Amino acid sequence: MSDLRHPSDETLLRLAYGSLGLGPSAVVGAHVAGCARCGGVVEDFERVAGALLELLPDADVPADGLARALAAIERDAPRPGEAPPAPPASRVEMPKGVALPQSVGDCDFSPWRTIAPGIRVSRARAHWARAFNVKLLSVQPGKRLLMHGHRGVEWTCVLAGAFHDGRARFAAGDLCEVDESVDHRPVVEPGEACVCLVAAEGSTRHHGMAGRLHQAIFGD
Amino acid sequence: MPPRQDNFEELIQSIAKSADRASFARVYEFYAPRVRNYLVRLGMANNVAEELAQETMLTVWRKASYFDASRAGASTWILTIARNLRIDHHRRASGRDAAPDDPSQAQESPAPPDSSLIQAESEERVRQALASLSAEQAEIIKRLYFDEKPHSAIAQSLGLPLGTVKSRARLAIGHLRRLLDDLK
Chain Y
1 MSDLRHPSDE
11 TLLRLAYGSL
21 GLGPSAVVGA
31 HVAGCARCGG
41 VVEDFERVAG
51 ALLELLPDAD
61 VPADGLARAL
71 AAIERDAPRP
81 GEAPPAPPAS
91 RVEMPKGVAL
101 PQSVGDCDFS
111 PWRTIAPGIR
121 VSRARAHWAR
131 AFNVKLLSVQ
141 PGKRLLMHGH
151 RGVEWTCVLA
161 GAFHDGRARF
171 AAGDLCEVDE
181 SVDHRPVVEP
191 GEACVCLVAA
201 EGSTRHHGMA
211 GRLHQAIFGD
Chain R
221 MPPRQDNFEE
231 LIQSIAKSAD
241 RASFARVYEF
251 YAPRVRNYLV
261 RLGMANNVAE
271 ELAQETMLTV
281 WRKASYFDAS
291 RAGASTWILT
301 IARNLRIDHH
311 RRASGRDAAP
321 DDPSQAQESP
331 APPDSSLIQA
341 ESEERVRQAL
351 ASLSAEQAEI
361 IKRLYFDEKP
371 HSAIAQSLGL
381 PLGTVKSRAR
391 LAIGHLRRLL
401 DDLK
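Chains as they are written, first to last, in our numbering: chain Y, 1 to 220; chain R, 221 to 404.
Derived by calculation from the structure, the hints in this document are not laboratory data.
As the structure is a prediction and not an experimental result, all values here were calculated from the model.
Using N, Cα and C, we set each Cβ at its ideal position, and we do this for glycine too.
Misleading hints may appear alongside valid ones.
[Said to hold, decoys possible] Among the chain R residues that face chain Y by a calculated CB cut under 7 Å, a handful are:
#1 245
#2 258
#3 262
#4 295
Modelling step: build the complete structure from the supplied sequences, incorporating the hints.
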């Protein structure tokens, strides 16, 4: 539980239920896909979610819902075992040997841009991911980041290389979750660039506005 | 807790085996309103939630042969279908890219026929575990699941300062996980 290289239980619970934001879900999902421990925890929380689904009051649905569903079934040719089409590959050029996690789906990313010496960023372009400032970070070996804090929760999944933030070492597959209470100064280990997938909840002020705008337009 | 009058695992299996519409109707009557409620609670507009609940139930029909009662009970399976359809919907609705993306069904193969009801039993035990939480912890767990902003919802419903909610939530989840571990 206190292992800093995994998401918090609350995050896994929200991922299992679907109430975690889409951006964090993609980042945490990248970790869970390769972590048996967290995969098991998510399955536990899914079972609880299933039991809770039964508890939800059965709100009014249109009386003709079942009839419409049955009509749709009659129209529908059976499609046993139909495989879903593979999502088209994203166009961002990933560093050699590093794959973009499946959890981001077909989200496109911007070309890499150097934002500080030794630090490059590629930002998610899909609206759902931009709302959580989803981005890829590539930091040169040995680079020390500035000490920084967080305004909300931030999730970082390491895709390649490793960094240490004074509390723990995070290597490929590890997930670093920090909130307002954490100030840290990540230092990338020598040898290999550290590539991470990052999402944040409430870390920038315009995020709330973007979220509200999104809500107004798309009704979610 | 409302009693489950039907064995939904068997009903879904009979949809898979014999395309039984009567079984589907019973699954629909129980789950469609709850799935709709689940989606609305996650902030979805009523009409969209209704459409997606309908889509969830049609997916239950189409993918019934993928249902594996040894891996998940009916409620858990249906919840993950609705959850993934919702994510898919929001990703598509948000513009740019539009491709179907349903992680729950991507790597599954059809379930073997006559699989046991092990998980369905464990869902029942999960219900017992939930029932054995204290009233406060049960409330916290429910808010964590159901509410978009769980911390403020917990603070309000239990009259706790926001600062203590986080640690109470951690305690409640820890307790729940110990109960779940005891079931294994």
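Outcome of the hint check:
A least Cβ separation of about 6 Å between residue 245 of chain R and chain Y falls short of the 7 Å threshold, and the interface hint therefore holds. Given hint, residue 258 of chain R at the interface with chain Y, holds; its Cβ is 6 Å from that chain's nearest Cβ, closer than 7 Å. Given hint, residue 262 of chain R at the interface with chain Y, holds; its Cβ is 6 Å from that chain's nearest Cβ, closer than 7 Å. Interface restraint check for residue 295 of chain R: the shortest CB-CB distance to chain Y comes to about 4 Å, inside 7 Å, so the restraint holds.
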